[in-house]
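Here's the letter readout for the chains.
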Amino acid sequence: MIKLKLPSLGKREEFPDQFFVLDLGGKVLKAFVLNYAEGMVARLGARKIPRADRPEDDMGNLKEAVGELKSDFPDAAPVSVVGASGPRTLAFTTVVRSSTSRDVEELTSHARETALRSAQEELRSDFGDPKLGVSELEAEILEVKEADKMEVYLFTSFADRSYLSEQAELVKRAGLSLWGFSSLPFNLVSELSKTSELNALIFDIGGAKTEISVVFGGQLMETKSFFWNFSENGNPTAFLDLWLDAVSATLLDFSEVKVFPAKMFLTGGGSSFPGLLEVVSSYPWSRDHPFEVAPDVVALEEDRLPLSLGQVALRVKGEGDE
Amino acid sequence: MSSNPVLMDLFKLLEKILAGEKETVEIEVPEENFNLLMLRILQAKAKKERKRLILLPTGARSKRMIAALGGEKEPKAAGSKKSDQRPAPKPKKARTGIFRRFVLIASLLLVILLFLGGGAYWAISYLPRAEVILTLNPIPLVKELSVAVNISAEKVDAEKGIIPGDLRTAEESGEKSVQATGTAIVGEKAKGTVTFVNCLDSPKTFTAGTVIKVEGKDLTYTIDADVSDVPARPDPETCGSEVGSITSVKIGSQYDQSVGIEFDFVGGGYANDPTYNVYIASGQSVAGGSSQEVTIVSADDQVAVLEELKKELTEEGKKSLASSGGIDEVVVEEAIKSEVTEKKFSHAVGEQTDKLTLSLTMKFTLITYKGSDMQELVLQSIGALVPAGFTLFPGETNIDPLEPKLSSNKLSFQAKVSARVVPEVDVEKIKADLAGRNPGSAQEYLSSLTEATAYELQLWPNLPEKLQRVPRNTGRITITLVTGEQ
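Chains as they are written, first to last, in our numbering: chain B, 366 to 687; chain D, 119 to 604.
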């Protein structure tokens, strides 16, 4: 059984067929217009704007780009789903086990509260800020297994409130209303899991951060991120070597993973950095980490990650159809 | 509003740990855009490099982060709890001379090995040369522009279609001989004396110019001078006679006649009158007639030699006009204005000769322009038509001047511009991206270039593939762009 919930900030009005999705990255602001039809989501148009030196310039540039898209696609509702990812967010799946006598909703509610507290503690500790506000973005029951005991797989995502406020301000100034935030890696996992059960590591290599997601059984188990400025460098070899060191150290931080899946997906704008695919492919992962075989490294199309936000429409529309 | 925050460069901090010569590395932990995981990454790197890491807070947040990392005194692997802030212990000193010598020799060998290895690495990395040919898929772009090459203009005016031009003149002289091809029959008329007979009772005068012809033949003659007062017949049995001279009307030996030939009068009121007669008496003759075919100058001969020489001089004139300008000077041949200033044939039409010679002088006038000016005009005029992400492919822009018209101060024509646009290629970026890659990686990268439809990669020297590298020095990488139709 799968029960879906709307993104936390989403309005409870009918989700439009044509809508905006935004991926407001540290280096590039991306805006897409997507179209939902017959259970499929297709891209209609896109604009990509490099970040400017000043936030007000970003706001103006994004507004102009969104204005162009509105003009090109007048049927698109000025409603946007905004992708959330990076160090200021958390996304993980919690498995809650109990006796079959427990009510699923009650169990889930309790699990969500626990997850929020855990995310709050983690983000506050991560940034050394005991007062850091954390909001839940999504909560979704992925699966409920009932045998001699009940297992509930609950996915939740969270973000630093100030991060959400910054993003919401950009959306508002661009002339769009905010439907809600949704975890980028979660949506990508949903999309990649459609054809087969996904077991993989996903490296979202953005212009300003690298986020590593661990996926087992088609479920996003956990994400970890660090800030990394991906830009042209005088010594790309040393640059990539040190980035690999950072990635390798991050994998060590997934201390609960006994064996990593032997598949790696590279996505995000930084994944096209010269030589990156080669160094990831040739890195001796099993030397320092629990891999049973050398992982197969696959680079995804550049826009695959932000376009996966179309999964939100499929979930919302699907929920509406139920 | 403040500026966008500068991202803390984890790379630089890791580089600091890597490059630090001392065993202890101090790092100030930023307050913004930094998280606990990044501290663990720094710790792991320090451990890997066998260095002591001292994390220094720059504010309350970083202080808490460092505290959250833990309170270990020694550098720990990722996941360890605290950085080590103790000073580094002093290295132990070797205590024996033998050990010292061993260390010295080992160090020396190590230095040599490093030097040789470094040299080999340098040679493999920097000596190679890479040649890349990227094949681009061109899109044709055709446009017609109205162009006026004006000798008064000083610069290109794309809006008005004007480019500067120079008035060029050249004079060429030449001589050409051809075989005459006309033919004519020339010769002498037959002349002689004949006897005019008068059978009237009164004297008779046969006037000059009267035409007579050989009896029964179409050979005509005229009387040269009046044959006056040919005596009347003295008796009924005898007629009066007088000698006169005649000349054949046409040339040819067939007009020669001998004794006994009789003539009839054709006109002059004497025709068919039996009382008059003309004949060649004994001792008389009509002779000296002759004819032969000779070569003469025909009108066609003059026309032909004139055309041929004009053509030759025009070619010379074009060369002179072109050479009078710079290497970039464009000569629109169709617009060259030519005039004959002097023309002299050795023989007139009809004159007998085997060879006709023509001396000719011609003057050529043209307004020329610089190819670079035309290219600038084209770029400015059709630049806006090039789709986004494309660029005009250099060297593939053809400009055909259609219907050129030359006036006293300008050359006007419709320029048909046939250009090719190709996807924009950042050659320097490709070079930078290729630098240092092995052949497999380089080929994978080149095949990922959406701008190119095909590529060729040649690496020098031709080492085993495992040793081959694209040079790190981008100056040793050449990239040639070609189109698929070349």
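Keep in mind the hints are simulated off the structure, nothing from the lab.
All values derive from a computational prediction rather than experimental measurement.
Using N, Cα and C, we set each Cβ at its ideal position, and we do this for glycine too.
A portion of the hints provided could be inaccurate.
Simulated pairs of lysine-lysine, DSBU-like, Cα-Cα distance not exceeding 30 Å [what the hints assert, rightly or not]:
hint	chain 1	residue 1	chain 2	residue 2
1	D	547	D	278
2	B	628	D	523
3	D	481	D	547
4	B	413	B	559
5	B	392	D	278
6	B	392	D	584
7	D	181	B	496
Here are the computed distance ranges between Cβ atoms for each label pair [claimed, not checked]:
hint	chain 1	residue 1	chain 2	residue 2	range
8	D	144	B	402	56 to 66 Å
9	D	178	B	478	36 to 46 Å
10	D	520	B	669	30 to 40 Å
11	B	669	D	278	44 to 54 Å
12	D	569	B	471	54 to 64 Å
Hints and how they fare:
1. 547/D / 278/D: violated (38 Å)
2. 628/B / 523/D: Given pair residue 628/B, residue 523/D is violated - Cα atoms ~71 Å apart, limit 30 Å.
3. 481/D / 547/D: Not satisfied, since the Cα-Cα distance of roughly 55 Å exceeds 30 Å.
4. 413/B / 559/B: Holds - the C-alpha atoms of residue 559/B and residue 413/B are around 28 Å apart, at most 30 Å.
5. 392/B / 278/D: violated (44 Å)
6. 392/B / 584/D: Violated, because 36 Å separates the two Cα atoms, which is more than 30 Å.
7. 181/D / 496/B: holds (15 Å)
8. 144/D / 402/B: 56 to 66 Å: holds (59 Å)
9. 178/D / 478/B: 36 to 46 Å: Since the Cβ atoms of residue 178/D and residue 478/B sit about 29 Å apart, the hinted range of 36 to 46 Å is violated.
10. 520/D / 669/B: 30 to 40 Å: violated (51 Å)
11. 669/B / 278/D: 44 to 54 Å: holds (51 Å)
12. 569/D / 471/B: 54 to 64 Å: holds (58 Å)
Of the hints listed earlier, those the structure fails to meet are numbers 1, 2, 3, 5, 6, 9, 10, in rising order.
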